[in-house]
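Engineer: Here's the letter readout for the chains.
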Amino acid sequence: MTQSNSQMYEEAMSVKVLYFASLKELFGRSEQQLNIDGLKTVEDVWKHVSKGYDVSQQVLYSVNHEYAQADSLVHAGDEVAFFPPVTGG
Amino acid sequence: MIKIIQKAFDPWHELATFQREMKREGEFGACANFIGTMRDMNEGDAVNGMFLEHYPGMTEKHLEKIVQSAKKQWDLLETLVIHRVGALLPNDPIVLVAAWSVHRKDAFEASRFIMEDLKSKAPFWKKENLSSTALQAEKNRWVEKNTSGY
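Chains as they are written, first to last, in this note's numbering: chain R, 329 to 417; chain E, 16 to 165.
Everything labelled a hint here was simulated from the structure, so no lab data went into it.
All C-beta atoms in this analysis are idealised placements derived from N, C-alpha and C, irrespective of residue type, glycine included.
A portion of the hints provided could be inaccurate.
Stated by the list, open to error - Result set (DSS-like, lysine-lysine): computed pairs, CA atoms no more than 27 Å apart in a straight line:
1) R:K379 <-> E:K142
2) E:K142 <-> R:K352
3) R:K352 <-> E:K136
4) R:K368 <-> E:K76
5) E:K80 <-> R:K352
6) E:K134 <-> E:K18
To be verified - Derived coverage of chain R by chain E (criterion: at least 3 residues anywhere in the stretch with Cβ under 8 Å from a Cβ of chain E; other residues may be distant):
7) 340-354
8) 381-393
9) 407-416
As the list claims (entries may be wrong) - The following residues of chain R were derived to be distant from chain E, with all beta-carbon distances above 12 Å:
10) I364
11) W374
12) Q397
Using the sequences and the hints given, assemble the complete structure.
Structural biologist: Right, here's the structure in full:
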């Protein structure tokens, strides 16, 4: 597999993960591309990205701009976001 | 209409302009509105300012969903939702929700519904800048939870 094919394969298997508010600060980044090989649900993704961090607060999930559940499936190309309870208005 | 804006806004001017431009004179008998304003105090601490973060794309989509849900439940002629993001100062308006209808029941109930759903589900987050704390590390504090409106 050439370099570019390898990169294309990585992109085809990845999701964009976004973090907001206190989670963005905790993880030190607002987004990342993540290879989801072996990760099926939102909870799988969350466990993978939060490993090693002390997340004591409640976390909400969304997939492609819609609220999701822990067992919602993720697919390559999805945009998955993790954030704390909302406080607008 | 739904607007997310970075700059300070005058809700009274926005209301008057929108009502004039929606051109429904004679049709509506009621306009109910809610304006949320930034306080200079929270949880016993003086607050200097605030930063409002949102999720571009999802926030607009969710607000649209709330408004569509209100339109299914009540007879509404028009709705207006404006929400501020970015850096705010005490006394700055944060949010404006308005609903126009033939009779007051629909406007009252729909504007309340939109506001409560926005507060509990629309992806916005507030970070306060406190003036009273001596520790620099504690100067900025995320608001952890909205109070219940009911």
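Engineer: All hints are to be evaluated individually against the structure, with a verdict given for each.
Structural biologist: Tested hints:
no.: 1; hint: R:K379 <-> E:K142; result: holds, 25 Å
no.: 2; hint: E:K142 <-> R:K352; result: holds, 13 Å
no.: 3; hint: R:K352 <-> E:K136; result: holds, 19 Å
no.: 4; hint: R:K368 <-> E:K76; result: holds, 25 Å
no.: 5; hint: E:K80 <-> R:K352; result: holds, 26 Å
no.: 6; hint: E:K134 <-> E:K18; result: holds, 16 Å
no.: 7; hint: 340-354; result: holds (count 4)
no.: 8; hint: 381-393; result: holds (count 3)
no.: 9; hint: 407-416; result: holds (count 7)
no.: 10; hint: I364; result: holds, 20 Å
no.: 11; hint: W374; result: holds, 17 Å
no.: 12; hint: Q397; result: holds, 14 Å
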